[in-house]
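If you read the sequences in order, they're chains A and B.
The letter at position 89 of the first sequence is residue 88 when you use numbering that gives the first Met the number 0, and the numbering goes up by one with no holes.
The letter at position 12 of the second sequence is residue 11 when you use numbering that gives the first Met the number 0, and the numbering goes up by one with no holes.
Just so you know, these hints were derived from the structure itself, not from any lab.
For glycine and all other residues, C-beta sits at the position ideal for the given N, C-alpha and C.
Wrong hints could be hidden among the right ones.
[Unchecked claim] Quick look at which bits of chain A chain B covers, simulated, 3 or more residues with Cβ under 8 Å: (1) 71 to 84; (2) 89 to 99.
[Stated by the list, open to error] Across the chosen pairs, the derived CB separations fall in these ranges: (3) B:Met-109 - A:Pro-109: 25 to 35 Å; (4) B:Met-109 - A:Gly-110: 39 to 49 Å; (5) B:Met-127 - A:Val-158: 32 to 42 Å; (6) A:Val-158 - B:Leu-70: 38 to 48 Å; (7) A:Ile-249 - B:Met-109: 19 to 29 Å.
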Amino acid sequence: MNTAGRMKALTLAGRIILEYGGETYRAEDTVVRMAQSMGLAEPDAFGVPSGLFISFTDDMGERRTTVCRMRGRDTDLGRVDAVNQLSRRLSGGQLSEEELLDELNKLAVPGVFSRWHQPLTAALTAFGFALMFEGNLWEMLISALCAALTQMIPWLLPVKTGNMAKLVLGSALSSLLPMLFHQLTGLGLVDAMVAGALMPLVPGLSMTNAVLDVVRGDMVSGTAHAARALLTAALVAGGALMGTEIFRWIGGLL
Amino acid sequence: MLTGLLRAMISGFLGAAGFGALLHAPRKGILCGSAIGALGYTAYWLIFQLTGSELPAMFVGALLAAVLGQLAARKLHMISTVFVTIAILPLVPGIGLFRSMSALGQGNMMQGANLAAHAMSLILMIVMGTGLGSALFSIRRAPAAKEETP
């Protein structure tokens, strides 16, 4: 494979890891290991959550560098793990460079998941957490319903708003609906229903990435992930507050 | 006690499994990560019930989840993020955070601030436990010495 092909493979590997929820140190580490397996001299990688720089020295002794800006961000840990597996197979000699590029090209294509995957898995998460928070059948069902509805919010919005609208509107809905349900029927523990429904929105991945990046000494990326986790938590908390306030307005009318 | 223990294990497993699927984690990772999450949460619950000290209980639960997550990643040749992320989620004090927001929303500023501070201390314990558990496994082979860049 020529230098351009190798650079493309390295960039794709780093891009998939960063864009689908991997830690920054993992993207850097995987790129350098892949480059070493390809026999490239002096490989180096520097990543932040929004970009990746890759350098190596080619066969002619020239230093090659590329800069890759990460724009979209989704979560698919299966893909991050798949890139890691490819890196292992490449270093073990079980994969050629051409096969590697083919596999990476396939992984880079946005996945086609069922439209109902997010609502159903969020419902399962909320179902479990409502049980954890001392809830019984009603709490579990209402929590699951709220969590599923939260994941459907982007379907109803006329423009693509990213995660922000989903977090604020979803958490508002997740606190408002259980309160209304309790007010109208007298059934269910409000705390268990709301907290269970909010759990799928918790920034667990950003929190883990922040800790793992800091543990590896990458303070810049660790801080960026921590800031993302804090912002997400603040949006969820703000949405829940909004839901509580709306309930106070309309609760008196019921 | 036994009912509480069973509830902790089942709910920890279900919550973690759902979250793993939400993150599109591989199936093997979801099963193993959820089992580790259930163990971590059960350890937290048990220690809290026996000692009444929530902060140390949370630290031990997070440490256990992180250590087992890292071990599972090595054993199954998968990335540790899958296991650690899924396993620590059951420990996140979601109900404490909601109660603090609820108190603030009702104008009970002192109670809201107290609950928020307590929830933040618990999150700090999770971060410390996860950090320590992962740091124990971060000692790796030193990379090959770099040559000078021309």
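State whether the coverage of the region 71 to 84 of chain A by chain B holds or is violated, taking the criterion as 3 or more residues with Cβ-Cβ distances under 8 Å.
-> Result for this restraint: holds, n = 9.
Given the range 25 to 35 Å, decide if the beta-carbon distance of Met-109 (chain B) to Pro-109 (chain A) lies inside it.
-> 48 Å Cβ-Cβ, so the 25 to 35 Å window is violated.
Outcome of range test on Cβ distance (Met-109 (chain B), Gly-110 (chain A); 39 to 49 Å) = 48 Å, holds
Whether the CB-CB distance between Ile-249 (chain A) and Met-109 (chain B) falls inside 19 to 29 Å = 27 Å, holds
Counting residues of the region 89 to 99 of chain A that have a beta-carbon nearer than 8 Å to any beta-carbon of chain B, does the count reach 3?
-> Violated: only 0 residues of the region 89 to 99 of chain A have a Cβ under 8 Å from chain B.
Hint check for Leu-70 (chain B) and Val-158 (chain A) - Cβ pair distance inside 38 to 48 Å = Hint holds: Cβ distance 45 Å, inside 38 to 48 Å.
Using the beta carbons of Met-127 (chain B) and Val-158 (chain A), state whether their distance is inside 32 to 42 Å or not.
-> The hint (32 to 42 Å, Cβ to Cβ) holds, given that Met-127 (chain B) and Val-158 (chain A) are roughly 41 Å apart.
Against the hints set out earlier in the document, violations occur for numbers 2 and 3.
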